[in-house]
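Same order as they appear, the protein sequences are chains A and B.
Counting in this note's numbering, the first sequence runs from -6 upward without gaps.
Counting in this note's numbering, the second sequence runs from 8 upward without gaps.
FYI, nobody ran anything at the bench for these hints, they're computed from the structure.
The beta-carbon is built from N, C-alpha and C at its ideal position, and this holds for glycine as well.
Any given hint might turn out to be false.
[Said to hold, decoys possible] Derived list of chain B stretches under chain A, where covered just means 3 residues or more per stretch with a C-beta under 8 Å from a C-beta of chain A:
| id | segment |
| --- | --- |
| 1 | 13 to 25 |
| 2 | 66 to 77 |
| 3 | 103 to 112 |
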Amino acid sequence: MTVVVLIAGAMLGVAATLTLIRLIAGPSRLDRAVAFDVLIAITVVGIGMEAAYNRHTATLPILMVVSIIGFVGSVAVARFAARRNSE
Amino acid sequence: MSDVVVGTLLMVGGVFSLTAGIGLLRFPDLLSRLHTGAKPQLIGLVATLVAIGVSTGAALDYGILALIAIFQIMTAPVAAHMVGRAAYRAGKVREDLLITDELSRDLAD
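Go ahead and model the full structure; you've got the sequences and the hints to work with.
This is the structure:
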């Protein structure tokens, strides 16, 4: 179980690093919005992975709030980018 | 037994997140990046939530787990649609990569 969680956590770390590279590289604002959304999802999966491994449910409200923040953030950036046509 | 199920589900979450990270970096176009970005948002998250439910076995928390899953399933397509529409309007969609473009055809009518 511990080995499986370590492997899956390492995958999450690599995924977050790759997503962070895309978040920095861009090139457009919407690419960064998509990358940020994925980074939020990876964060949620990581927090949930810890909860499943340690068999507690104390972090479930955090999962809820973080997923709401991801949705609101990506919608806000999409509206903002739709109004301003530039980079 | 439950450890096997939890481990498998956590591996599913990790693999799909890794797929999204690689795809996000490798894919050439915003729409294809949107496609790959939906994997950890839906499959990875739901697999992890089921893993939490199986590992804790606390029936009282199934409600909030289901709530998180339903919320994410409802909002992820909305967010992806809004980003895609903004990309189309801003001209960020690469026309040469599209197989068909029904939106432009419908708008031209």
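How the hints compare with the structure:
Given a C-beta distance limit of less than 8 Å, the hint that chain A covers the segment 13 to 25 of chain B holds, as 10 residues qualify and 3 suffice. For the segment 66 to 77 of chain B, the stated coverage by chain A holds: 5 residues have a C-beta nearer than 8 Å to a C-beta of that chain, and at least 3 were required. Only residues whose beta carbon comes within less than 8 Å of a beta carbon in chain A count, and the segment 103 to 112 of chain B has 0; fewer than three means the coverage is violated.
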